[in-house]
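> Okay, here's what each chain looks like letter by letter:
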Amino acid sequence: MIATTTRRGAHGGVRPGHYYGHGLAHPAEDIRGPIIVIEGTDGVGRTTQVRLLREWLEVRGYGVVETGLLPSTLMEPTIELAKTSNLLNPLTFVLLHACDFAHRMETEIIPALKAGFVVLADRYIYTAVARACVRGVDSQWIRRLYGFALAPHLVFYLKIDPDTLARRMLANGGISYWESGMDLRCGDNIFDNFRSYQRQLLRAYASMADEFDFRVLNGRQPVATIQAQLQRQIGAFLDSRPDAPEGRE
Amino acid sequence: MSAAVPLRGFPDAVTGNPTVAANEPDGGSTAEPAALRGERQRSPRRRSPTGTAQLDHPVVDNFGTPHQYPGRLIVVEGIDGSGKTTQLGLLAKWLESSGYALSQTEWNSSALVKAAVKAGKKKNLLTPTTFSLLHATDFADRQLYTIVPALKAGMLVLADRYAYTAFARDVARGVNRDWVRDLYSFAVKPDLVVYFRVSVEVSLERLLARRVKLKFYEAGMDMGWSADPAESFRIFQSKVLHEYDQIVAAHGIHVIDAVEGITEQQQLFRDLVGDHLEGYRP
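So the sequence lines, in the order shown, correspond to chains A and B.
Residue numbering for the first sequence follows the working numbering, starting at 5 and increasing by one per position.
Residue numbering for the second sequence follows the working numbering, starting at 4 and increasing by one per position.
For the record, the hints were derived by calculation from the structure and aren't laboratory data.
Here a beta-carbon is modelled for each residue, glycine too, at the ideal position from N, C-alpha and C.
Treat the hints with caution; some may be incorrect.
Partial pick of chain B residues on the chain A-facing surface, computed with a CB cut under 10 Å [said to hold, decoys possible]: (1) L93; (2) W97; (3) W110; (4) A114; (5) P131; (6) D141; (7) A143; (8) P152; (9) G177; (10) N179.
Derived, one-sided and incomplete: chain A residues facing chain B with beta-carbon distance under 8 Å [stated by the list, open to error]: (11) L78; (12) M79; (13) H107.
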């Protein structure tokens, strides 16, 4: 079921398309398409890049399914209720999101991969792990919890510093309650909270870079520059796959 | 897998000795990649001097260690139709009449996940894994808002089903044994667990006598093993029973034969609880 290698650094020692740990109640068989993940903190520009990538991939003839961490139909009402009524504590926060991700994995990601789509993920388990760690949840427990996630084929991490991020977000409509980790109840100073919360998140992401084989891109570069880097690396990866569409170099 | 597999990294319930991964007969340590196997780091327990800080920090290695709250946590387990809820109700009457302050909590009852469980069941959207995670969320919520506060207040907490239900049911649905045990490692360790053991046939008889129709998930119909509810119930609950048998052995759980008369069972139950409450002062 799972790669037996214990080599660290390459997708946590797991081959792409296999479960990281203890998987779902069924084995991950007949996975044909690749999972490509764009990771990074709030406001770093992931969503723009995913939109451009999708366009580029479709022009090249690849079927694309996008996924992300926005609540699915199963959990959306519950997560909204919990957020608005302040019912969440770190553990229920983590568990509800894990449930939602498992739902996505089983109903969206795995079926799409089996059908041969390229799955483009706007954030993946790494954001969930980073958020949990910042909230004091045991870092090994959260990794085992997400053992049902498939190891992606490529993970791009858009790296940025908290100050650039803060300026960028303030110029683009402001900072939200959740992006500032206000649920951690560190006081009312939203700017300071944002910086301190994002700094912790960025540290958590950085601690995963080697373990999960992140390809790190400088998130301060212009959109087009980042996109060109993504296309170059993804193009090379897709062309190396045996099922690459023909007639295109 | 042998019957008495202790939880990885947790003290063995029978011997009290910490277990090591190398003792695991299923070779779990090799089947799982290093990054997510995550050699459990036994961090020093973070407790306040009053011993009440377990969930104030979401440290998640509670289940292997006795809690240090002044209250007591008593749990009943058993398959549907085992009579455990009846027995717990009678126990509550006795305890209340003896002057104890009680807090009662029931599996899958928190307001937080009710909507999701209901919607998921209605549309048959839930898979074994999401079912398991929703129940864990419900449990975490009840632990935070009901169980731990009552234990801190020195009360007796009576729980109708606990993490063992997940260990039995979720695994019967095909969820990985180690994964679900890890999932619940944040659970407060109960002081007393009583399992009401009954055969599938007896439980089915009791349920059918009481109700017209078996519930979809109770009968394990979501698994598609049989289109006939009674047959599906037999298949599913047999698997659940099998898991319970292993759990009882591994966790040193008390067993009451649930085929006895209600009063006889209650007497046994009260004797057990009475022994456990010696030295407890509310």
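> Taking the hints in turn, state whether each one holds.
Hints, one by one, checked against the model:
1. L93: Because about 32 Å separates B/L93 from the closest Cβ in chain A, which is outside the 10 Å limit, the hint is violated.
2. W97: violated, 33 Å
3. W110: violated, 15 Å
4. A114: holds, 8 Å
5. P131: holds, 4 Å
6. D141: holds, 9 Å
7. A143: holds, 4 Å
8. P152: With a minimum Cβ separation of about 12 Å from chain A (threshold 10 Å), the hint on B/P152 is violated.
9. G177: With a closest approach of 3 Å, the B/G177 hint holds.
10. N179: holds, 4 Å
11. L78: holds, 5 Å
12. M79: Interface hint status for A/M79: holds (6 Å vs cutoff 8 Å).
13. H107: holds, 5 Å
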